[in-house]
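Next come the chains, spelled out residue by residue.
4 protein chains.
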Amino acid sequence: MQPKTPSLFASPSVPTAAISPFDFTSDNAVGADPRILKALGECNEGSTTAYGFDELSVEVNRIYSALFEHEAFVFATPTGTAANGLAIGAITPTYGAVFCHEHAHIVTTECGAPEFYSSGARLVLLPGASHKISVNTLSDALKPYQMGNLHRLRATTLSLTQLTDVGTSYSADELGALAELARAAQIRVHMDGARFANALVHRSLSPAAMSWQAGIDVLSLGLTKNGGMDVDAVICFDAEIAGVLRYLHKRAGFLYSKMRFAAAQLRTYVAAGLWLENARRANSNARRLVAALLRCAGVRLEHEVQGNQLFVHIPPAITGALERGGFRLRPWPSPANDLFRLVGSFCDQEEKLARFERALEGICEP
Amino acid sequence: MQPKTPSLFASPSVPTAAISPFDFTSDNAVGADPRILKALGECNEGSTTAYGFDELSVEVNRIYSALFEHEAFVFATPTGTAANGLAIGAITPTYGAVFCHEHAHIVTTECGAPEFYSSGARLVLLPGASHKISVNTLSDALKPYQMGNLHRLRATTLSLTQLTDVGTSYSADELGALAELARAAQIRVHMDGARFANALVHRSLSPAAMSWQAGIDVLSLGLTKNGGMDVDAVICFDAEIAGVLRYLHKRAGFLYSKMRFAAAQLRTYVAAGLWLENARRANSNARRLVAALLRCAGVRLEHEVQGNQLFVHIPPAITGALERGGFRLRPWPSPANDLFRLVGSFCDQEEKLARFERALEGICEP
Amino acid sequence: MQPKTPSLFASPSVPTAAISPFDFTSDNAVGADPRILKALGECNEGSTTAYGFDELSVEVNRIYSALFEHEAFVFATPTGTAANGLAIGAITPTYGAVFCHEHAHIVTTECGAPEFYSSGARLVLLPGASHKISVNTLSDALKPYQMGNLHRLRATTLSLTQLTDVGTSYSADELGALAELARAAQIRVHMDGARFANALVHRSLSPAAMSWQAGIDVLSLGLTKNGGMDVDAVICFDAEIAGVLRYLHKRAGFLYSKMRFAAAQLRTYVAAGLWLENARRANSNARRLVAALLRCAGVRLEHEVQGNQLFVHIPPAITGALERGGFRLRPWPSPANDLFRLVGSFCDQEEKLARFERALEGICEP
Amino acid sequence: MQPKTPSLFASPSVPTAAISPFDFTSDNAVGADPRILKALGECNEGSTTAYGFDELSVEVNRIYSALFEHEAFVFATPTGTAANGLAIGAITPTYGAVFCHEHAHIVTTECGAPEFYSSGARLVLLPGASHKISVNTLSDALKPYQMGNLHRLRATTLSLTQLTDVGTSYSADELGALAELARAAQIRVHMDGARFANALVHRSLSPAAMSWQAGIDVLSLGLTKNGGMDVDAVICFDAEIAGVLRYLHKRAGFLYSKMRFAAAQLRTYVAAGLWLENARRANSNARRLVAALLRCAGVRLEHEVQGNQLFVHIPPAITGALERGGFRLRPWPSPANDLFRLVGSFCDQEEKLARFERALEGICEP
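If you read the protein sequences in the order shown, they are chains A, B, C and D. Residue numbers for the first sequence follow this note's numbering, beginning at 1 and rising by one. Residue numbers for the second sequence follow this note's numbering, beginning at 1 and rising by one. Residue numbers for the third sequence follow this note's numbering, beginning at 1 and rising by one. Residue numbers for the fourth sequence follow this note's numbering, beginning at 1 and rising by one.
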């Protein structure tokens with residue numbers, strides 16, 4: 001039986017790809033950290049209670065509470081979309097308005113997960129340079145939503161992305177000022193931390209300083225882009241919200257029966273600093289890519305690089321040569337069609353980076 | 001920081017459990033098949049496109065289409081609850097009524113996943129011996145839902161469980177008769193196949209005969225209880241339903257970025273007959289448990305054993321002795337408090353079974 | 001243009017009906033009380049602010065607060081289904097379980113309004129004689145929903161119907177005991193009072209005693225069956241719930257722009273005792289119907305008559321003669337097909353009742 | 001009992017208003033047309049079947065089918081918000097994207113009704129002069145939503161407003177071009193016709209030409225602003241969509257038990273041309289207001305007047321004098337705080353208009 005539809009998720013516009021050794025398109029393009037894989041094997045033996053009642057799952061809450069210096073409730077999910085949907089759903093009533101940047105990941109690439117998990121809330125899209133929301137923008141946007149105005153939805157939620165999707169980040173002060181404004185308006189704050197670790201090491205902040213101390217109620221913590229194997233998590237700092245999350249998480253189908261495998265990943269990810277080590281390498285690799293590219297005439301950055309992602313204008317002569325050399329970059333929409341995303345990954349090895357540098361030297365040398 | 005809440009999913013009524021070698025409580029209590037784990041390692045190298053555009057993910061649709069002798073659309077999920085929710089949500093409008101057995105898994109242990117994924121449908125609970133629905137029962141239940149009756153919801157969906165939660169199964173004829181009745185009433189049919197493989201080998205049917213040939217539109221296929229590592233799947237036999245599933249699956253957060261790891265499991269699970277081999281062993285192990293138990297005076301089966309689960313009345317003297325010997329059984333609600341569930345697992349080894357048999361001999365010998 | 005579909009809401013099984021003077025099928029079959037119609041005309045002149053900011057709408061909250069001896073928040077709706085849906089939606093999260101009688105109106109004839117307004121909650125159906133729930137039944141049903149059990153939904157809501165759909169009613173003590181049990185389990189209590197006035201006069205209770213003093217958080221108050229013109233209301237006794245209701249009510253489309261017309265009905269309904277007068281007449285008319293029927297051999301009541309509805313077994317010879325005489329009764333499902341509903345209405349006149357009595361005398365005399 | 005909350009829907013920012021004879025703020029500020037009130041009284045006598053099975057309700061489908069020259073399914077609602085929510089909900093799956101103008105009524109003043117009735121769809125906000133969407137704007141907006149792109153929602157719905165909220169209107173050609181583009185993308189088209197009649201008489205089009213002939217699948221028809229008493233309607237031109245609407249309409253609580261009262265209004269509204277007569281008078285009154293205002297120095301229109309609404313910049317000296325004279329205008333947000341909305345109403349009498357003209361003469365004369 002030959003199916004007419006060739007793929008699980010085939011799109012007419014995206015070609016199916018074979019494995020490539022010189023791919024810089026995404027931090028999702030690579031596999032898992034070998035230490036994560038090893039942890040899966042190590043917890044495989046023997047029987048234990050299903051659905052998160054095993055000892056390893058219990059331990060995870062202790063580990064993350066210590067790490068964040070605050071009681072933390074950890075809910076494992078298979079993707080960042082699931083984590084964002086759950087987190088926003090837990091703090092947003094069906095009639096809630098969720099303020100977020102107009103280009104946030106929850107707007108552009110999650111197929112309405114926040115609307116689904118909140119059963120009908122609305123995203124209110126805010127402008128802002130480098131994908132960041134300013135206090136003034138938020139303050140203006142909130143005005144028509146004052147309590148008593150029935151004709152709009154109720155302003156209940158702020159969602160911030162750290163790193164943003166263009167690789168920029170908020171300082172602790174910027175986060176704090178936004179959260180303070182939100183708090184005054186009785187608005188809960190979510191952080192989409194798909195690249196939380198990359199922002200953390202760039203900003204040299206503690207996990208606490210970049211989350212609950214800055215006013216974040218509930219955090220989507222990404223593991224997958226930084227070494228995990230299809231596990232992310234919601235980290236919740238509020239017992240009442242956690243009481244809602246328990247039901248949403250189960251009901252949506254995220255209460256893994258063999259929870260030990262998610263728990264093993266969550267433990268290994270932070271236990272011996274793996275997450276920070278990987279994020280540092282990814283950020284450092286990104287800086288090498290930047291440095292190599294900026295040596296070429298006509299190359300310029302679109303956004304400041306504050307993590308592992310770069311958005312770079314590159315003349316077509318250079319990108320053409322790179323592609324012929326087997327390198328994969330991700331074209332990004334732009335007026336001149338010369339913008340590309342490159343992502344530094346924890347698992348890029350010296351050889352891959354050096355080959356990229358040598359290729360650029362060959363292409364760009366005068 | 002010592003959290004007040006000790007566990008991810010702690011319940012006051014369920015104790016946290018350490019790993020045990022003599023657990024018969026659930027087929028979720030064990031780990032993954034080593035061949036599944038090995039497949040994860042083997043697909044880890046190199047970069048490829050995320051979100052299911054990699055070659056391995058594409059191959060999975062081909063494999064399952066061949067296996068089921070029908071074009072099949074495969075949607076990986078982290079749990080059976082997710083698979084059931086998605087599948088039912090894709091064939092049930094918000095105003096739909098879902099007919100199912102009153103003790104079905106979707107009723108008792110999925111926290112309202114069908115209601116969530118359908119955004120507000122209703123489960124209509126039907127009685128039936130051994131957790132099975134009869135044609136007469138369904139026919140009577142449909143009467144008040146005739147088209148034109150606006151005051152009830154619209155009858156849109158039938159959900160059958162194969163194996164049922166008490167280990168019984170439908171014959172191909174029984175499935176076909178129910179599906180025919182449904183079809184005549186313009187009702188779509190879902191099968192919760194968390195233990196599909198166990199039913200398949202017990203009934204000696206082909207995958208096609210026990211699914212689309214019997215009138216099933218969409219199947220939840222369980223891997224996890226039979227060797228998978230927290231991966232199940234929706235198998236859809238209808239292109240229009242698949243067109244809905246694509247959006248629901250993405251929107252709920254199930255479109256794994258590193259889809260290769262789910263795809264590797266799905267391929268390995270069926271490629272060389274692993275699933276049938278494991279299901280045969282689980283069923284055979286269950287029969288050994290039955291045989292050993294029935295040699296004891298006072299032991300009797302509550303339901304016929306048609307797969308890997310047994311529900312057995314056991315006198316307290318015997319269960320007490322078993323527990324002291326380190327064996328774990330799952331107590332099940334019953335008037336005399338003497339009912340227990342035991343589950344045969346693919347990974348139970350000769351030693352575990354032999355030790356159980358010897359223990360019973362010691363307890364029950366005259 | 002002759003439409004193929006003859007009616008707004010045509011059903012193959014219900015014939016379209018012309019106006020009839022001798023209809024006893026429903027308290028919805030009659031028109032509105034002339035005093036209600038008059039009030040509509042009296043408030044029609046001049047311009048005022050729309051959406052409930054007019055003086056008349058403001059006055060309504062004061063009137064109902066005085067009537068119920070408690071701060072009351074009044075939300076007008078076009079139907080009882082809307083009132084029930086809104087009220088239950090305001091006290092039930094998406095993952096909530098709503099305990100109610102298996103034959104309650106919200107179960108059998110509202111097309112899933114509670115599921116819709118709660119965005120996916122589940123009704124848990126309880127048995128009980130004469131459509132009433134007992135404390136023991138509720139207590140048993142709550143057991144599997146203890147906090148910490150994630151696998152079921154969360155028990156959040158109790159919905160009671162007063163009068164029940166078979167015309168029986170709860171005493172204040174019965175209501176109080178159920179509400180106390182609910183309160184102990186952190187469950188909110190809703191009353192479907194489509195026939196609240198009929199129960200009130202039958203039980204000789206004050207509005208307060210039959211609502212918040214008995215533990216009711218939110219009440220659906222029916223006007224339509226008792227003289228209103230397609231206006232019912234949610235009466236809420238809790239400011240926090242009212243804060244949710246404001247949004248749900250607006251969002252669902254119930255914030256009438258010309259709210260004065262709903263407010264005028266709500267004021268007129270209770271202002272000079274119209275509601276109690278009408279309910280007394282309806283109940284009294286029902287008792288006359290009972291008395292006339294019970295004089296016939298073979299007639300017997302199915303349920304005690306505690307309001308304006310009677311459910312009566314009537315031999316076919318009698319019903320045939322009544323129908324030939326132009327009287328309309330509503331057949332009700334029963335094993336012997338001899339059960340009928342008759343409803344006493346506030347607007348049934350002496351002539352209609354006397355003619356029914358005379359007709360029965362002619363049919364039944366020995 | 002004196003309630004702390006003074007109003008049903010009190011807002012801190014909107015004062016409660018007494019009846020005023022000189023109010024131009026809204027076409028919702030006035031009462032109902034006396035002929036509508038009369039029709040309510042005329043259908044009040046006698047008993048008939050509830051829930052739309054009465055003869056009058058059946059007749060309404062015939063009347064509107066003839067009026068629109070196409071089989072039409074009519075669903076009465078209490079508000080335009082309800083009609084819009086229902087209509088959009090019936091053509092939009094939970095994962096649908098609804099394209100609409102960024103200042104459409106469904107965006108700014110319906111508290112998320114489209115999200116509620118679709119159970120989680122998203123509004124995609126389009127810019128456009130005078131609140132109108134151009135074909136180019138829609139065409140560009142659709143590009144990222146091509147079939148196969150899973151990461152956005154699915155483009156399913158276009159909602160157009162006729163008259164727009166600033167009183168402008170689409171020509172039949174403009175509507176047709178938008179609908180043709182939508183159709184090509186498999187998108188259903190809704191029209192918010194809260195002021196359908198005002199647009200109809202301004203454009204001199206037939207009901208058919210401005211609805212289904214221009215590609216509209218489902219229409220929200222406003223009665224309330226043009227003489228109705230809190231009744232609007234969904235007019236559906238497609239039997240399959242009507243099959244969904246039946247359930248949504250009942251489930252949301254809009255199936256009036258005494259449907260005759262909604263049906264009487266729907267019949268009276270169009271039977272003898274009442275709707276066109278009222279719309280002509282409202283539009284004509286608006287032109288008189290324009291003419292009077294434009295004779296004053298410093299007054300200028302913000303938008304072309306194509307119906308009964310005017311948005312006018314008025315110097316503060318003039319508005320101050322008007323307010324002191326007892327006239328009510330609605331301030332509208334604008335940079336210079338000099339923008340006001342005035343609305344011409346069907347029930348404004350010669351005296352009111354003449355007094356306004358005389359007042360302006362007194363204020364503005366040189």
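Wrong hints could be hidden among the right ones.
[Stated by the list, open to error] Straight-line alpha carbon distances no greater than 27 angstroms define the calculated DSSO-like cross-link-like pairs of lysine-lysine that follow:
| # | chain 1 | residue 1 | chain 2 | residue 2 |
| --- | --- | --- | --- | --- |
| 1 | B | LYS132 | C | LYS143 |
| 2 | C | LYS132 | C | LYS143 |
| 3 | C | LYS38 | D | LYS143 |
| 4 | A | LYS132 | A | LYS143 |
| 5 | C | LYS352 | C | LYS38 |
| 6 | D | LYS143 | D | LYS352 |
| 7 | A | LYS143 | D | LYS132 |
| 8 | D | LYS352 | A | LYS132 |
| 9 | A | LYS38 | A | LYS352 |
| 10 | C | LYS143 | B | LYS143 |
| 11 | B | LYS38 | A | LYS38 |
| 12 | D | LYS143 | D | LYS132 |
| 13 | B | LYS352 | B | LYS143 |
| 14 | B | LYS143 | B | LYS132 |
Read the hints as simulated data drawn from the structure, not as lab findings.
So, going through the hints one by one against the coordinates:
Taking the CA atoms of LYS132(B) and LYS143(C), the gap is about 25 angstroms. The hint holds against a cut of 27 angstroms. Between LYS132(C) and LYS143(C) the CA atoms are separated by roughly 19 angstroms; this keeps the pair inside 27 angstroms, and the hint holds. Between LYS38(C) and LYS143(D), the direct Cα distance comes to roughly 56 angstroms. Violation of the 27 angstroms bound is thereby established for this hinted pair. With a CA separation close to 19 angstroms, the supplied pair LYS132(A) and LYS143(A) stays within the 27 angstroms bound.
Taking the CA atoms of LYS352(C) and LYS38(C), the gap is about 24 angstroms. The hint holds against a cut of 27 angstroms. A hinted pair counts as satisfied when its Cα atoms are at most 27 angstroms apart, and LYS143(D) with LYS352(D) does not qualify at roughly 51 angstroms. As the CA atoms of LYS143(A) and LYS132(D) are separated by approximately 25 angstroms, the hinted pair is consistent with the 27 angstroms bound. Our distance criterion of 27 angstroms between C-alpha atoms is broken by LYS352(D) and LYS132(A), whose separation comes to about 53 angstroms.
Distance restraint check for LYS38(A) and LYS352(A): the Cα-Cα separation of roughly 24 angstroms lies within the 27 angstroms cut-off, and the hinted pair is therefore satisfied. Under the criterion of a C-alpha separation no larger than 27 angstroms, the hint pairing LYS143(C) with LYS143(B) is inconsistent with the structure, at around 32 angstroms. Between LYS38(B) and LYS38(A) the CA atoms are separated by roughly 11 angstroms; this keeps the pair inside 27 angstroms, and the hint holds. Distance restraint check for LYS143(D) and LYS132(D): the Cα-Cα separation of roughly 19 angstroms lies within the 27 angstroms cut-off, and the hinted pair is therefore satisfied.
For the suggested pair LYS352(B) and LYS143(B), the alpha carbons sit about 51 angstroms apart, so the restraint of at most 27 angstroms is broken. Proposed proximity of LYS143(B) and LYS132(B) is supported: the alpha carbons are some 19 angstroms apart, at most 27 angstroms.
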